[in-house]
Amino acid sequence: DVKVTQSSRYLVKRTGEKVFLECVQDMDHENMFWYRQDPGLGLRLIYFSYDVKMKEKGDIPEGYSVSREKKERFSLILESASTNQTSMYLCASSSDRRGVLEYEQYFGPGTRLTVT
Amino acid sequence: DAKTTQPNSMESNEEEPVHLPCNHSTISGTDYIHWYRQLPSQGPEYVIHGLTSNVNNRMASLAIAEDRKSSTLILHRATLRDAAVYYCILRHPVRTSYDKVIFGPGTSLSVIP
Chain E
1 DVKVTQSSRY
11 LVKRTGEKVF
21 LECVQDMDHE
31 NMFWYRQDPG
41 LGLRLIYFSY
51 DVKMKEKGDI
61 PEGYSVSREK
71 KERFSLILES
81 ASTNQTSMYL
91 CASSSDRRGV
101 LEYEQYFGPG
111 TRLTVT
Chain C
1 DAKTTQPNSM
11 ESNEEEPVHL
21 PCNHSTISGT
31 DYIHWYRQLP
41 SQGPEYVIHG
51 LTSNVNNRMA
61 SLAIAEDRKS
71 STLILHRATL
81 RDAAVYYCIL
91 RHPVRTSYDK
101 VIFGPGTSLS
111 VIP
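Here the protein sequences line up with chains E and C, keeping their order. Our numbering puts the last residue of the first sequence at 116; the count rises by one with no breaks. Our numbering puts the last residue of the second sequence at 113; the count rises by one with no breaks.
Warning: the hint list may mix true and false statements.
To be verified - With a straight-line Cα cutoff of 25 angstroms, these simulated DMTMM-like cross-link-like pairs (lysine to aspartate or glutamate) come out: (1) E/K71 with C/E45; (2) C/K3 with E/D26; (3) E/K3 with E/E62; (4) E/K3 with E/D51; (5) C/K3 with E/D51; (6) E/K3 with C/D82; (7) E/K13 with E/D51; (8) C/K69 with E/E104; (9) E/K57 with E/D26; (10) E/K3 with C/E15; (11) E/K3 with E/D38; (12) E/K71 with E/D59; (13) E/K57 with C/E45; (14) C/K3 with E/D59; (15) C/K69 with C/D31.
Stated by the list, open to error - Simulated restraints, written as ranges between beta carbons of each label pair: (16) C/M59 with E/P39: 38 to 46 angstroms; (17) C/D67 with E/S80: 45 to 53 angstroms; (18) E/K71 with C/M10: 38 to 46 angstroms; (19) C/S108 with E/Y10: 18 to 26 angstroms; (20) E/K71 with C/M59: 42 to 50 angstroms; (21) C/S25 with E/S80: 22 to 30 angstroms; (22) E/D51 with C/M59: 25 to 33 angstroms; (23) C/H92 with E/L41: 21 to 29 angstroms; (24) E/S80 with C/I74: 45 to 53 angstroms; (25) E/D28 with C/N8: 17 to 25 angstroms.
I should point out that these hints are in silico values taken from the structure, not numbers from a laboratory. Since the structure is predicted, the reported quantities are computational estimates derived from the model, not experimental observations. Glycine residues also receive a C-beta, built at the ideal position from the N, C-alpha and C atoms.
For reference, chain E alone in the conformation it holds in the complex (with noise of 0.2 angstroms):
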């Protein structure tokens, strides 16, 4: 089974705190995704990687930044935690192994972040 881990299944930091959100994939799949959850809005893509030490911004990109310094890692970083990043944040990974869109995305646990 396919397995996507987060560091943390809920977090509560201060504002302007700098934030560290872990994702670990083990299926080596060269695709890795940061999305936030938040009720009435869906989905929303934050960053997304591709390969190792590549990354592009997503729809929402402002105020996090990302690492992939190893395959199976990727990391979404809030340089100065606020209020408004309070939100579920969804790591998901995927293989493109078969060279069309057809696959699955693989989702970890999430990590509520409360910002206060």
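Given chain E, work out where chain C should sit, using these hints.
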């Protein structure tokens, strides 16, 4: 991305079949139909996908209309563990690094013991 519409919520009795509908009238000829579900306090989970023919796997069946403008996810015997939000999405099979998944509001399924 082509849009899908689903009922906001549905109820089912435990151990009865559940049919979750999805309309996608603007689907293109090469869009795949994917279903995910999200259990409370968990990340989304892939359920099934198909293109034209009906599909079965260990979790569910997917029935696709002949004109592909609608599909139905079938849970053959609902259990309490199937209570979740179910998302129907379309995905275009062009190889791209921008492979984001876009979820709409989905259908919240309640299972009654």
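Run the distance test for C/K69 versus C/D31: straight-line Cα separation, threshold 25 angstroms.
holds (11 angstroms)
Whether the CB-CB distance between E/D51 and C/M59 falls inside 25 to 33 angstroms:
holds (31 angstroms)
Does E/D51 lie within 25 angstroms of E/K3 when you go C-alpha to C-alpha?
holds (18 angstroms)
Whether the CB-CB distance between C/S25 and E/S80 falls inside 22 to 30 angstroms:
violated (44 angstroms)
Holds or violated: E/K57 and E/D26, Cα atoms, limit 25 angstroms.
Holds, at about 24 angstroms.
Is it true that the C-beta distance of E/K71 to C/M10 lies inside 38 to 46 angstroms, as the hint says?
About 40 angstroms separates the Cβ atoms of E/K71 and C/M10, which means 38 to 46 angstroms holds.
Using the beta carbons of E/D28 and C/N8, state whether their distance is inside 17 to 25 angstroms or not.
Roughly 38 angstroms apart at Cβ, these two residues miss the hinted range, so it is violated.
25 angstroms Cα cutoff - pair E/K3, C/E15
violated (29 angstroms)
Range first: 45 to 53 angstroms. Now tell me if the beta carbons of C/D67 and E/S80 are that far apart.
Hint holds: Cβ distance 51 angstroms, inside 45 to 53 angstroms.
With the threshold set at 25 angstroms, check whether the alpha-carbon distance from C/K69 to E/E104 stays at or below it.
holds (21 angstroms)
Given the proposed pairing of E/K3 with E/D38, does the C-alpha separation stay at or below 25 angstroms?
holds (24 angstroms)
Taking only the CA atoms, is the gap from E/K71 to E/D59 under or equal to 25 angstroms?
holds (23 angstroms)
Going through the hint list in order, the structure does not satisfy hints 2, 3, 5, 7, 10, 16, 20, 21, 25.
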